[in-house]
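Chains as they are written, first to last, in the working numbering: chain H, 71 to 414; chain A, 41 to 366; chain L, 661 to 957.
These aren't lab readings, by the way, just hints derived from the structure by calculation.
Please note that the accuracy of each hint is not assured.
Just a few of them, taken from the derived set where beta-carbon distance is under 7 angstroms, the chain H residues facing chain A [unchecked claim]:
1. A113
2. G117
3. A259
4. D261
5. V292
6. M336
7. N340
Think about it this way: if two alpha-carbon atoms lie no more than 30 angstroms apart in a straight line, the pair counts; the simulated DSS-like pairs of lysine-lysine are [what the hints assert, rightly or not]:
8. A:K291 <-> A:K331
9. H:K327 <-> A:K303
10. L:K904 <-> H:K163
11. H:K90 <-> H:K201
12. H:K90 <-> A:K303
13. H:K376 <-> H:K158
14. H:K163 <-> H:K145
15. H:K145 <-> L:K788
16. H:K116 <-> A:K303
17. A:K213 <-> A:K303
18. A:K74 <-> A:K331
19. H:K145 <-> H:K201
20. H:K116 <-> H:K376
All C-beta atoms in this analysis are idealised placements derived from N, C-alpha and C, irrespective of residue type, glycine included.
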Amino acid sequence: MALEPHPDRGGPGTPLLQAKTLTKHFPLGGGAVVRAVDGVDFAVMKGETLGVVGESGCGKSTTARVVMQLIPQDKGEMLFDGEIVGGKDLTLKEYRRQAQMVFQDSYASLNPRLTIEDSIAFGPTVHGVSKANAILKARDLLQRVGLDPARFAARYPHELSGGQRQRVNIARALALGPRLVILDEAVSALDKSVEAQVLNLLADLREEFGLTYIFISHDLNVVRFISDRVMVMYLGEVVEIGAVEELYNDPRHPYTKALLSAMPSMDPDNRTMEAPLTGDPPNPINPPEGCRFHPRCPHAQTICSKAKPALVVTASEDGTRRAACHMEIPGSGHSRAPSLEVAA
Amino acid sequence: MTPLVAIDNLTVRFRGAQTVHAVNGVSLTLEPGKVLGILGESGSGKSVTLKTLLRLLPESRTDIGGSVRVDGRDVLALNPQDLSDYRGAVTSMIFQDPALALDPVYTVGEQIAEAIVRHEKLSQKAAMARALELLELVRIPSPARRLKAYPHEMSGGMRQRAMIALALAARPKLLLADEPTTALDATVQIQILLLLRQLQRDLNMGMLFVTHDIGVAVEVSDRLAVMYAGQIVETGTVRELIRDPRHPYTKGLLAANLHGARKGERLEAIPGAPPALTEPPNACSFAPRCKFVQERCRAALPPAVQLGEGRVVRCVLAEEALTAAA
Amino acid sequence: MTAITESAPAIVVPPLAKSPGYWAGVFRRFKKDKVAVGAGLVVLAIILMAIFADYIAPADPTRSSMLRRLRPIGTPGYPLGADELGRDMLSRLIHGARLSLFMGVVPVFIAFVFGSVIGVAAGFFGGKFNTITMRTVDVFYAFPSVLLAIALSGALGAGITNSLLSLTIVFIPPIARIAESVTTQVRGMDYVEAARASGANALTIIRVHVLGNVLGPIFVYATSLISVSMILASGLSFLGLGTKPPTPEWGLMLNTLRTAIYVQPWVAALPGAAIFITSISFNLLSDGLRSAMDVKG
């Protein structure tokens, strides 16, 4: 038997994935706690690509692992097409057929002792597909990711280049016929010329299989190219989320602004003259009170160290643009905040 | 003016189970006080070229040909004593991973002071005072306290600054930078790039900056050299290369950087992957991946076409353009 | 997505040109290692010698002769001399290889099976299970192996079976430790995460993704213990806790010949040399295997 395609249960209006106050803390010795993911809310609509950006320690990779349920969340829940992940309507095993992940390290994510086709066929056999069928499917997928099965199917991972291996990892993720694919820095380790090939492939596959992507990367250019919407994370929290061009052209959160202006200019006549931020991103152990960005923020005022700003709807026509900054919250007490009357 | 660095027809070959022709005839010059960015992907030979300048390659299994002159010295001919005087005092290097350069069991101050004392006759106390100055120079906050800190007690950006201070300890004339910002976060990367740019200018050092990231190269360099398969395929000023790239590989790299690329566009990706370099090149190494490939690209090495002062392109297309213009 | 056509059970998967594969690569790298190949040949020769001892040995290893006691090497009819009871040394060494090899290989093999099970389980499941299992193993590991072997053998009483048992117990802890550490490493690899993400249960993941990657290194480590086991077994026999005379066994031979060290030092040293050559060959072989199994060669 082959795997049945998944029906669209909730209809186009239901987000494919909805994360509600996802929280994951890692206790360290001596009472310290790494607040890797701290109350993260977001939704991914069907067929869209949500880019996730942020620096080391912002929690983007932990978020990916929680969404994939490789580590359980401490708090919060996830709805997949309207059903609770791990609930009675959508068991974890069923969920894992519908959500798959591609990792950054193309070598570490393939078993060195299995041939390429065996690696791809493993998932389907777990779900009851016969070995012969799974192998045929694997070869079909290899073709689709641009690797000639006659040449590659029976090879081992160390015989392939980094770009080829990442194609195999993508084929492996697609073998179960998922609806959601989480790409965790999936192109970051590749050379630029190879990265472009893989990005084209990802765009083609999204079209062909009707996939939804969560695309995690530190490379803002790549995220801009592939995403419909972008979520910016800082120290385990979402600071801004919105449509990609809106967010890149008019960032509302000071951290998003800083991140964007830290990008190299690519213009020899207009080189960056001043670093937008000083110091390193702080450690997610004992994050600052109030707004977590306030110690590095050029616009920080008293209110910022006292109260945590909520993620509120901000300048956008359709209300999908949100930022967590006191300067965006009417009457927050920040001198640059819009006044209440205007908002009302 | 005599150039600070003059590399002529450098070849580097690693012997082993399989011989690797890592560098295949690289020639470049660097004027004092200037920055040359060397741009290339993994395996292009950019880091190997850089390491040759400090003779850091394992000599027992490396064959080096050609000549390398730095500040008037024939680097490949230095005897062990001269080599150790040369390292650090004339040429110094910073790495992608500060863990390679900083010793975990000594404080940052001790390491910098040690590097100073090795090249200058100074008391330990005077060396420590200079180490403090260096930490101030690289703008480490509360430098007096950081002098006594161990590398693991510092954040990534801070360690990178400490490594730069260490590299500057003996006042080198040439700084080699091997992807020093690749492992850093975006907001830290730009800080380090600006710091390096300023230090290079203030101290009037020459700098060779190796990177795979065009954006980074543009931020720091005066001139660029693009490497592919152990050869320089194009050189010129940053402006010339960004505004008017001539080699198909340079064009491909610029497109792959995605600067300003919009969603839904199809990327002009270079197909295939770089060659394995088990043989020395006898034709254009880029030919198998090139859209504009011609018969003669596969028959012989492409000509090094001189388009202007310091502007060289190794491609038959550049030759055609030149003859068409003439 | 195009589903695979449901052409019932008769699906034929066309075979593809096989890549040389992992083991072919191991063999190719191993062949290049002259020392390891040499050691392997020595080990092979010793094994063949043990198997065909009855046909190779020129004389009966237990036939003694009071007239020919302690003859030097090269005595006619006694190419390697004679021992303190006038038995042919060459024949005794050839026959002795059987028990010595047996005592070297069997305890290690049994310990390999049990140690791997314990270590892989502890490494894969981690957490409290790991802590409890590995601390228990550590209690045994804390004793020096010689002391533990002697203590166990002494408690169980002399004899081959008991020394076999005690040696097995001695080798389980170190093998379990290695198994646990390589398994912990493999468990953290992305391909194991990816397998979990595909919905596979723990046993399937261990079978498909863990065992193939950990058994090799554990096996190589176990090979290096064969020489230790031989030496310990010899030691037990030497102390009278292992084999009983007149059965030829290298350790026991070393013991009974020790009084002759001043009379015929070369003959007395022969069993020691046999132990030495065999154990060093096993060690060199396992070193060679380890570097050959390193994929990035």
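Hints that the structure is at odds with (numbers, increasing) | When the structure is compared with the hints, numbers 1, 2, 3, 7, 10, 11, 13, 17, 18, 19 and 20 turn out to be violated.
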